[in-house]
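*Asks:* Model the full structure from these sequences, guided by the hints.
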Amino acid sequence: DVKVTQSSRYLVKRTGEKVFLECVQDMDHENMFWYRQDPGLGLRLIYFSYDVKMKEKGDIPEGYSVSREKKERFSLILESASTNQTSMYLCASSLAGGRGTQYFGPGTRLLVL
Amino acid sequence: AQTVTQSQPEMSVQEAETVTLSCTYDTSESDYYLFWYKQPPSRQMILVIRQEAYKQQNATENRFSVNFQKAAKSFSLKISDSQLGDAAMYFCAYRGRNNNDMRFGAGTRLTVKP
Chain A
1 DVKVTQSSRY LVKRTGEKVF LECVQDMDHE NMFWYRQDPG LGLRLIYFSY DVKMKEKGDI
61 PEGYSVSREK KERFSLILES ASTNQTSMYL CASSLAGGRG TQYFGPGTRL LVL
Chain B
1001 AQTVTQSQPE MSVQEAETVT LSCTYDTSES DYYLFWYKQP PSRQMILVIR QEAYKQQNAT
1061 ENRFSVNFQK AAKSFSLKIS DSQLGDAAMY FCAYRGRNNN DMRFGAGTRL TVKP
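Protein sequences, first through last, are from chains A and B.
Sequential numbering of the first sequence, starting at 1, is according to my numbering.
Sequential numbering of the second sequence, starting at 1001, is according to my numbering.
Please keep in mind that the hints were generated in silico from the structure rather than gathered at the bench.
Among the clues, some could well be false.
[Claimed, not checked] Label pairs and their in silico Cβ distance ranges:
| # | chain 1 | residue 1 | chain 2 | residue 2 | range |
| --- | --- | --- | --- | --- | --- |
| 1 | B | G1085 | A | K3 | 20 to 28 Å |
| 2 | B | E1052 | A | K18 | 37 to 45 Å |
| 3 | B | T1060 | A | E17 | 43 to 51 Å |
| 4 | B | Q1057 | A | E17 | 49 to 57 Å |
| 5 | A | R14 | B | M1011 | 33 to 41 Å |
| 6 | A | S82 | B | N1058 | 43 to 51 Å |
[What the hints assert, rightly or not] Sample of chain A residues at the chain B side, in silico, Cβ under 8 Å:
| # | residue |
| --- | --- |
| 7 | F33 |
| 8 | G40 |
| 9 | G42 |
| 10 | L43 |
| 11 | F48 |
| 12 | Y50 |
| 13 | V52 |
| 14 | G58 |
| 15 | T86 |
| 16 | L90 |
| 17 | T101 |
| 18 | Q102 |
| 19 | F104 |
| 20 | P106 |
Yeah, the Cβ is synthetic: ideal placement off N, Cα and C, and Gly gets one too.
*Replies:* Encoded structure:
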């Protein structure tokens, strides 16, 4: 069965802290994605990775960075958290090409105070 | 850039009735995929149904079916015999055939009344 897991369901951080969100998939997928989900805006792509050590910016990469050292793991990093980064963060993975179905993790709800 | 529009922020349906959620998209590509995802409250987002643009036949999955109108760039989701468990946020999404990333609509919150 397809599985995407995220390191935390809920996080509370202070402004200026460095925040790591981790995502792991067990499906040997090439592609991994980070989205943020805000009411009325749907899902917006932050970054995605199509291979180990490869990454591409999405629509809203400012204030974020990513790391993919192993195929199964994709990390989202907030270098200096700000209150406008309070959001739900969703990780997803998919096979390269094909039908492009993305499988999602449970999400991390981040509150930055 | 491709955009996906869901014009209904909220919808409501009576249990056992049928409801249709609307989605339109904008693209210059001829080959692509369309998706409906469901996100139940505090639960994981899951794929409901998928349509390949080159297929004229509308996709169906049990009580879920789509009305795909390629010329009109419309992709609506019909839920028949609605159940309480269908209550969720529903997102329409687009992916170009040669792209890795997807475009999502803003979502429609569906309430099912007993």
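*Asks:* Work down the list of hints and note, for each, if the structure agrees.
*Replies:* Hint-by-hint comparison with the structure:
| no. | hint | result |
| --- | --- | --- |
| 1 | G1085(B) to K3(A): 20 to 28 Å | holds, 22 Å |
| 2 | E1052(B) to K18(A): 37 to 45 Å | holds, 42 Å |
| 3 | T1060(B) to E17(A): 43 to 51 Å | holds, 48 Å |
| 4 | Q1057(B) to E17(A): 49 to 57 Å | holds, 52 Å |
| 5 | R14(A) to M1011(B): 33 to 41 Å | holds, 39 Å |
| 6 | S82(A) to N1058(B): 43 to 51 Å | holds, 45 Å |
| 7 | F33 | holds, 7 Å |
| 8 | G40 | holds, 6 Å |
| 9 | G42 | holds, 4 Å |
| 10 | L43 | holds, 4 Å |
| 11 | F48 | holds, 6 Å |
| 12 | Y50 | holds, 6 Å |
| 13 | V52 | violated, 15 Å |
| 14 | G58 | holds, 7 Å |
| 15 | T86 | violated, 17 Å |
| 16 | L90 | holds, 7 Å |
| 17 | T101 | holds, 6 Å |
| 18 | Q102 | holds, 6 Å |
| 19 | F104 | holds, 4 Å |
| 20 | P106 | holds, 5 Å |
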